[in-house]
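Asks: Here the protein sequences come in this chain order: A and B. Just so you know, we're using the working numbering here: the first sequence kicks off at 100 and counts up by one. Just so you know, we're using the working numbering here: the second sequence kicks off at 9 and counts up by one.
Calculated directly from the structure, the hints in this document are not laboratory data. Some hints could be false.
[Claimed, not checked] Reference listing, derived: stretches of chain B covered by chain A, where coverage requires no fewer than 3 residues with Cβ under 8 angstroms from a Cβ of chain A:
1. 44-53
2. 146-160
[Said to hold, decoys possible] Not the full set, but computed from the structure, chain B residues with beta-carbon under 8 angstroms of chain A:
3. Val70
4. Asn200
5. Ser204
Note that CB positions come from ideal geometry on N, CA and C, so glycine has one too.
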Amino acid sequence: MTTQPTTTYLNVTHGLASWLLTKDHKRIGLLYLVVVSIAFALGGVFAGLIRLELLTPPGDMVTSDLYNRIFTMHGVAMVFFVLIPAVPAILGNFVLPLQLGAKDVAFPKLNLLSWYIFVIGFIFTAFAMVMGGVDTGWTFYTPYSTTASNSNVMAAGVGVFITGFSSILTGVNFMVTIHRMRAPGLTWFRLPLFVWALYATSLVQILGTPVVAITVLMVAMERGLGLGIFDPTLGGDPVLFQHLFWFYSHPAVYIMILPPMGAISECIACFSRKTVFGYSFVAFSSLSIAVFGFLVWAHHMFVAGISPYSAMVFSFLTFAVAIPSAVKTFNWTATLYRGAIWFKAPMMYVYGFLGLFLIGGLTGLFLASLGTDVHIHDTYFVVAHFHYIMVGGAIMGYLAGLHFWWPKMTGRMYSDGLAKVGAALIFIGFNLTFFPQFILGYMGMPRRYHMYPPEWEMLNVLSTGGAGILGIGYLLAVGALLWSLKYGAVAGDNPWHATGLEWTTQSPPLPENFVETPIVTEPAYNYAHREIKVV
Amino acid sequence: MSEVAAPAHAVGHGHDALHHHAAQQHHFESLDQQHEASTLGMWFFLVQEVMFFGGLFTAYMVYRIWYPEAWAEGSRELDILLGGINTVVLIGSSLTMALAVRSAQVGSNKGAFRWTMLTMILGLTFLVIKFFEYEHKFELNHVPGANFVFEGPHANQVEIFLSLYFAMTGLHALHMIIGFGILAWVAWLAHNERFSREWSTPVEMTGLYWHFVDIVWIFLFPLLYLVDRAGQLG
Ligand SMILES: [Cu+2]
């Protein structure tokens with residue numbers, strides 16, 4: 100039986116100040132974990148309210164105005180404060196320097212500053228929630244957000260603007276870290292695929308986020324000073340807002356999904372005891388997603404009156420950007436083929452991810468086709484599609500990574516059985532919640548209404564029931580992890596017998612990660628040359 | 009050096025590990041690695057700055073194509089002389105900034121201090137002139153918003169032009185004010201003789217930032233002040 104190491108990053112200093120002033124990337128990762136979890140709980144409560152209202156056909160629980168605010172706050176909390184920071188800021192912060200064999204990220208002070216910026220942005224947004232919420236939808240479309248709104252658009256907008264800089268600075272920090280902080284021998288093509296994914300994500304963060312920041316700023320000026328940049332009565336154009344917004348917000352989808360994809364690559368290699376099939380293809384697919392993701396934004400605007408010729412180009416490019424995602428999915432499957440599958444809790448999430456991401460990705464193609472998009476635009480089909488990607492893909496990938504690295508982060512092992520039950524409930528609950536929404540959307544149920552005709556009641560009841568199971572699944576997963584902190588077995592340095600430098604140091608790691616800087620002499624995922632000690 | 013093929017920057021460069029420069033942070037292997045990280049980080053930061061201003065430039069471009077007459081009308085409201093003087097002032101400040109970097113790199117703290125101060129003075133000159141331009145617009149009620157007054161057939165569209173004028177030059181001025189603060193810090197470091205041939209990273213990074221802010225103005229001046237003004241001055 101292994102015992103806990105005596106000095107770790109967790110116990111080297113004590114007290115609140117030692118956490119709030121820390122420059123240790125591992126502690127900063129945990130700081131993000133706390134705030135993101137709070138936001139996730141908040142967003143989850145809003146989601147629950149939405150599903151409760153939709154349990155019955157009439158809009159009897161909340162007014163339509165309050166309903167607008169509920170789904171907006173759900174979207175704002177989940178997109179900007181959960182999905183975007185979850186994997187890069189929590190797992191990325193914790194794991195990246197460890198995987199590179201570095202003592203820390205390139206700019207530790209900037210890293211802490213990013214967290215504070217994130218928290219300040221969150222406070223502004225939480226303030227907007229407390230003061231009565233925002234009713235624009237998470238997209239802040241004009242004129243909902245300008246002349247047609249009397250809710251707290253300013254506070255929420257400022258919150259999103261500020262949070263954006265946290266994302267940008269983290270992106271700068273990670274890119275420099277990957278370029279300049281690699282251990283001797285750790286060449287680009289020996290990097291774990293999680294690092295490639297973070298690099299591609301950072302690229303999107305520094306190229307896209309500033310554009311949405313300046314766009315939100317323009318909306319704020321329009322609202323606060325009465326300018327008319329997006330106001331058609333003054334000669335402005337609301338569609339310009341949509342272009343600028345989606346120029347960021349489509350690539351933002353890749354900020355949310357690329358890092359979980361990286362975590363999936365790590366887990367699949369480890370639990371199949373094989374190197375990832377087509378390593379360089381998977382690595383470059385991340386980069387090509389990052390680059391081509393910038394050329395598809397107008398697929399959100401096919402019915403907004405854009406020129407049919409540009410719509411055709413954007414439709415074609417949207418089909419094209421599905422290719423690198425497909426490359427990843429095929430290569431993951433090929434990695435499983437004839438692997439020595441070790442079925443632990445992270446692998447449950449990997450399987451869940453593969454199935455749900457596949458459905459989410461393929462239904463995206465329905466929306467990319469100009470003809471079908473006219474039919475299903477702004478219906479529950481769209482809602483179901485992006486939840487399959489964002490929750491079925493991104494959150495499942497996040498949970499896979501969290502369960503994979505948890506023993507490294509905490510030094511403790513959770514109950515595998517309990518974690519698996521949680522994963523199963525999440526998978527079942529998720530499908531029950533969102534699969535009926537594909538059908539509802541195809542039948543024409545529009546999104547963002549608090550009532551619907553009685554013939555859609557059965558599918559909506561299923562969806563609400565599924566949301567309940569999903570919620571219980573999350574609580575169980577969180578419970579299993581928290582339980583391990585006190586009662587979990589001591590994990591040891593490398594409970595999964597995994598490759599990767601993060602597993603060569605103790606769990607939880609030393610304050611400066613490694614006793615001495617490691618030297619890398621082998622490619623990533625060299626499982627073929629490892630003794631298999633599967634228990 | 010180790011035997012394995014290693015990215016050159018990641019190894020200790022054979023520096024004596026026992027003699028760290030005072031400015032070297034402990035998580036870097038060497039001062040060179042730290043310098044390279046800072047430089048790369050600054051360039052990546054400037055990339056995001058380009059995108060940040062890019063949103064406004066996009067809006068400018070769209071509306072200029074839609075409303076060419078209003079753009080010409082609006083542009084004629086701007087003071088070409090003050091704008092021109094400011095352009096010269098700002099280019100001058102880039103020269104003094106470059107000289108400050110050069111002084112620090114050859115280890116002259118005195119030179120770095122002097123050139124940094126001069127850069128600050130030129131930057132301040134720019135901001136003062138900009139302030140008078142803004143004030144004049146306030147007097148004429150040419151500031152977009154509730155009190156906006158403009159005679160002419162394209163008043164609404166001129167208002168959009170002036171909105172973008174204030175947004176773009178205002179954001180630029182904000183960058184100058186931040187740069188002014190950073191320059192003050194650099195001057196203080198130089199005053200305390202902190203730079204040497206081995207270490208002048210803060211001056212170099214400030215230089216990159218300052219030149220970027222300068223380049224933004226190089227684009228703003230013709231786009232805002234020089235629309236359809238061939239043959240006129242003032
Ligand atoms: Cu999109």
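Asks: Determine for every hint whether it applies to the structure shown.
Replies: The hints, checked one at a time:
1. 44-53: This one holds; 6 residues, not fewer than the three required, reach chain A with a Cβ under 8 angstroms.
2. 146-160: Contact hint for the stretch 146-160 of chain B vs chain A: holds, 3 residues under 8 angstroms.
3. Val70: At 6 angstroms from the nearest chain A Cβ, valine 70(B) passes the 8 angstroms test, so the hint holds.
4. Asn200: 20 angstroms, violated
5. Ser204: With a closest approach of 22 angstroms, the serine 204(B) hint is violated.
Checked against the numbered hints given earlier, the structure breaks hints 4 and 5 and satisfies all the rest.
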